[in-house]
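Those protein sequence lines, which keep their order, are chains E, Z, S and G. Going left to right, the first sequence walks through residues 1 to 377 as the numbering used here numbers them. Going left to right, the second sequence walks through residues 1 to 377 as the numbering used here numbers them. Going left to right, the third sequence walks through residues 1 to 377 as the numbering used here numbers them. Going left to right, the fourth sequence walks through residues 1 to 377 as the numbering used here numbers them.
If you are wondering where the hints come from, they were derived from the structure by calculation, not from laboratory data. The structure displayed is predicted, hence computed values, not measured ones. All C-beta atoms, glycine included, are put in the ideal place defined by N, C-alpha and C. Treat each hint with caution, since some may be false.
[What the hints assert, rightly or not] Pair by pair, the computed Cβ-Cβ distance ranges are:
{"id": "1", "chain 1": "Z", "residue 1": "Ser203", "chain 2": "S", "residue 2": "Asp366", "range": "27 to 35 Å"}
{"id": "2", "chain 1": "Z", "residue 1": "Ala173", "chain 2": "S", "residue 2": "Asp242", "range": "52 to 60 Å"}
{"id": "3", "chain 1": "E", "residue 1": "Arg260", "chain 2": "S", "residue 2": "Ser226", "range": "51 to 59 Å"}
Okay, here's what each chain looks like letter by letter:
There are 4 protein chains.
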Amino acid sequence: MAKSAAKKKTPAKKKGGAGDDITYKSYLQLPALLDAQHPISDVGGGRHAHDEMMFIVVHQTYELWFKLVLFELDRIQSVFGKRVVADADMRVVSASLTRIVDILKLLVRQLDIMETMTPLDFLDFRHVFRSASGFQSMQFRELEVRLGLRRDDRIGYNGQSFENYLAADDRAALHAAMKKPALIDQLDKWLSRTPFVEMSGFSFWKSYRKAVADMIEGDRDTVRKSRKMTAQARKMELEKLDNMGAQFALLFDEKEGEARHWRFSQEALQAALLINLYRDQPALQLPFRILNDLMDMDELLALWRYRHALMAQRMLGTKMGSGGSTGHDYLAATASKHRIFKDLFMLSTFLIPRSKLPKLPRNVRDKMGFRYWDKAE
Amino acid sequence: MAKSAAKKKTPAKKKGGAGDDITYKSYLQLPALLDAQHPISDVGGGRHAHDEMMFIVVHQTYELWFKLVLFELDRIQSVFGKRVVADADMRVVSASLTRIVDILKLLVRQLDIMETMTPLDFLDFRHVFRSASGFQSMQFRELEVRLGLRRDDRIGYNGQSFENYLAADDRAALHAAMKKPALIDQLDKWLSRTPFVEMSGFSFWKSYRKAVADMIEGDRDTVRKSRKMTAQARKMELEKLDNMGAQFALLFDEKEGEARHWRFSQEALQAALLINLYRDQPALQLPFRILNDLMDMDELLALWRYRHALMAQRMLGTKMGSGGSTGHDYLAATASKHRIFKDLFMLSTFLIPRSKLPKLPRNVRDKMGFRYWDKAE
Amino acid sequence: MAKSAAKKKTPAKKKGGAGDDITYKSYLQLPALLDAQHPISDVGGGRHAHDEMMFIVVHQTYELWFKLVLFELDRIQSVFGKRVVADADMRVVSASLTRIVDILKLLVRQLDIMETMTPLDFLDFRHVFRSASGFQSMQFRELEVRLGLRRDDRIGYNGQSFENYLAADDRAALHAAMKKPALIDQLDKWLSRTPFVEMSGFSFWKSYRKAVADMIEGDRDTVRKSRKMTAQARKMELEKLDNMGAQFALLFDEKEGEARHWRFSQEALQAALLINLYRDQPALQLPFRILNDLMDMDELLALWRYRHALMAQRMLGTKMGSGGSTGHDYLAATASKHRIFKDLFMLSTFLIPRSKLPKLPRNVRDKMGFRYWDKAE
Amino acid sequence: MAKSAAKKKTPAKKKGGAGDDITYKSYLQLPALLDAQHPISDVGGGRHAHDEMMFIVVHQTYELWFKLVLFELDRIQSVFGKRVVADADMRVVSASLTRIVDILKLLVRQLDIMETMTPLDFLDFRHVFRSASGFQSMQFRELEVRLGLRRDDRIGYNGQSFENYLAADDRAALHAAMKKPALIDQLDKWLSRTPFVEMSGFSFWKSYRKAVADMIEGDRDTVRKSRKMTAQARKMELEKLDNMGAQFALLFDEKEGEARHWRFSQEALQAALLINLYRDQPALQLPFRILNDLMDMDELLALWRYRHALMAQRMLGTKMGSGGSTGHDYLAATASKHRIFKDLFMLSTFLIPRSKLPKLPRNVRDKMGFRYWDKAE
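Given these sequences and hints, build the entire structure.
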């Protein structure tokens, strides 16, 4: 209702047009904003529960921040959605990502306020929610979907999909969002187009595979020739090197579909590795920063879920003995399972020391630099 | 308007009554809340300024937190407004104060988000505000007034009272608030009633004054008798002790009105000092905590103003050469001038070492304890 | 060596005695402190790894904070170790606990600095540690032991006890610490002595059990009589109430030893529940705060472990496919398993609404109050 | 002494060489580190002051962080000290700056721990310092000097230079530091070399001055022609535009020496403005980030000083009546006066809206881009 009224009167437009009557209050729509807190513990003869106001305000600020996060994500996705991403647009992507990361830090921190409430205070009004729950935050669900959390990645709650807890229109809106490319898919495409992976006769992947093979073979050789080692120690060291080789085999294996160990395509993986390894080259500095920010974001989302889980345990206790998972258990499980950009973390396993790193050919390195060094005009 | 509409339909009541239709969305009034962000930079053919949305959301979350701070202040003031404050109510006062302190920490921290905007981004839309400004935040003004900031304590802006920047109805609302007792006045009354200052024949003030006099006289004596000191050093040390004596004279001086050096009444000052000095006694533990939280609050408000001033300087620059004070200058000045509970800080000057502290008589100390230790039932 | 040298020269004593030569530098022992950072990546012809200095400083500040945490724990344990804990000492316990909580918040936050290092930067020097690891932080192990983490509660790492990673003297020191009463044991004893659980003819436990029985029976009755419910819904609701009853049975069950569901003794549990339910009474205000701070502490330790786990994953990647647990897996598991004060969280399950709460008899409530209200002197 | 001993024994080298005996404890030099806390309140029969340990640990962690800040500054200054700064080195500068900013945030935050001490607790041991004071922190002085705080910029304390409070060798060390180029000087030189200010026939400064003149003249014209304005309003608006013009005149004025309004050279100013205005161009993205981080750093140092000032006031009180500046007053004054990169903040005054911004010629914009777009190989 508030929405349609707003639309009919188009207050913003009118104000923006007229201009002279803009005040702090009207600009921020404070009358609507500050009238949207309605504790219900004392409705219908119930007992007034002081902390309900805090509970409402904390949740409302979360929703406002989610709105902003989604707004920044709009900008990021609109850049990554283009067929060619202009270098000049990268600063804007980076600025929006950094802002999202800063907001997520605040969201983790903000639970401090919620925890000024004690479990007994919460008991005073938690019955009023009945089946209502943070579970139903559409903006958070939209965020998950748009970042790339897929239906099959999700843990069920009480054996049911979270979708069962949503109203029909919300469910439909979410399904629509699921049909659009998620950020991780856009990122995959953008990474896959990175020109430097194959350029001017240089194949990054071939050089990198050779460097890895040489490194492992060199280590194996050192172990075999070492005179100080006992036979037992030598055996163990060689086993370790075998394991390392097996890990790398999973990286080089280009299986597709179900059998694939990675969410990223092989092309995107290679580019992400290249960006990590040669991040100092001018053309890779910002892409590197962006991958880094994505890891920050993923980590902060996990941290927020985990802290949320701890708070749930504190407020609601924990079922004892056998049977039934609790809100705490569910939330703690999502912290480790609902990770979207995990491939970026896994890549750390495959970094190789700078001393073993294939050197970029001069002409490739040049192409990663700026034109202003060119002599001729 | 939004307000009256809400009242007519009493949505909360209806929902609360029926119960079964409460959802996360309706409970938090998300349709109204999330429809209250209307950037105007692109209204009427203007250029879309991406960061305006962030600017709006940050300010709106500030206003939501201010609402909560005022709500907690309601509870504190309603306890302190009673003729007799029950000991059992002190936990509640302390809980609300601690919550306010935690919120203020968040508000300082939250400027991090604002500073993800660069000055050039701000330039894109700052013209749309015209005369609208954070200056007009009624909730913040109400907070200042209710804590105890008086009209005469305030620094003018551009030679005008801040009231000139308010709409007539806001001004009237503020004047009404000014007529009610502020928190600092209520605190003064509550402190003044502390029974332990004069109890069972013990006069805290007399004992304390004697301890101070003895301490200074003892130090003077030591200096006079010291053989190691040069005449020059002795003179300097004696001057320092004179200065210390002069400071204490200002504490003992019971002048009233304009001439008074303190905002607190003499009775309140004495009680506050007693609470600080004997804070380990059971009956003083919570009062001590409350005085401490009030200092936290005062400090955090100053810190928030100062950080706000730094941000204003960054966004708007600073006028060079002569003439005209800037937003930065004004905000930085309020950080040091708009302090309300400064007396509590000044008291630190008058603490005396535990070794010089008058011992509480046994019967007074007993009265500060719990009854459960009593043998007889 | 540094230690024995320090002891021989007793620099502090000498300085403290002489006094006049105390400077900022000597007081803080800056020459020793600032000479204790020795990166080794470039020793013996290795390549200089810039981030190693950061790595050292971050760990050293952690160890300094751990020292302070243990120092505050000394004070807390010395108070709780007394046969009778004086009410006046409770402020000191609370102050030390609050300080520990604040330090732990900083320690979680401080990982931000560590994460300014990228995995590739870490790769530059992580080989220098060989088997050295944070695992060997004796102060952290001592903290765990002294709070009350028992050997059998611990998760093994690579199938081995963490003790196998320690030097012999460290292991011995830890064994000695294990023989002393841990904080949780002292707390149990202190809670068990709470006088109000049985006082002046009032039995809290009896009243509480009756209130619980009445509450469940009342709900059962409402369900049975409800005409709106389908038979199916009624069955589900009754099952829920049965589950609730089964939960409470675990609380009332006073089994001992292995079969016991709680770490706390039955007496301590009852007192902790009483403190939570009647926290507004003057004599319970500080005990309530202390229980609350212990939960904060437990939660922050879990959060720190979890964030540490996320960082390990980022820096080291994650093994793919089958086999072998990683540092990340181990750390994440300790976050949920190495909880010490979990009983305090479980108690939230057993709070009952204020409206159902047994009223304290007047004479019991009086005993929880201060003596200064007494008329007679 | 500790230092020379360390050098003689070269413990790091030995350890690094042998390798197998590296443990967590030896690597972090924990024996020395954890033996460097020597409270002196109880030396020579004094009374044990519990909070002295916290006081020592907080200061020691500050000094460790300062050491790291200086270490990062080494790297930054060594890059900027080069005759030509390679683009590939810019990531490293940015990484070190970001780390410094993150550390400074922690340092502001860390005062939370110090404030768990109450003034009365501080009184228990503050006499032991005599003239020792944080004033004597050489690392902090070195930081100020190396960033670019000049002797003449400093506020005196009690009418004396801070140098009078230092030991002779420290003073000498600081004087040596003063003779080397400070970061701000290096930055000035680096900015002054920015090629894009004059390139391929494009003069940024000429275009910018013209844009400013056109903008002001256009506004003046609008005001003059406006029919809605009263004569009074018109006069006021024209005066505002005159003021704006006068501000810009100070920017265009190329006076040197004492008369100059800026610390930056004219060349550096122009480049800094260009970087701010065209920051989206690939070659300017990282320089823009670096200028931004420098502002963060400057702001955080000011915030830290200010929070420090508030803490001093809380701990020590404040002199009343006339005469004598306090630690609080001094610290608060340094917060606003000891700003080093203020010119960067002042530049915000001179940003002009994107719509008025001179367009970069195609060939100049091209030069700010990467070579990899070039068709020919």
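Evaluation of the provided hints:
1. Z:Ser203 with S:Asp366: 27 to 35 Å: holds (29 Å)
2. Z:Ala173 with S:Asp242: 52 to 60 Å: holds (55 Å)
3. E:Arg260 with S:Ser226: 51 to 59 Å: holds (54 Å)
The structure agrees with every numbered hint stated previously.
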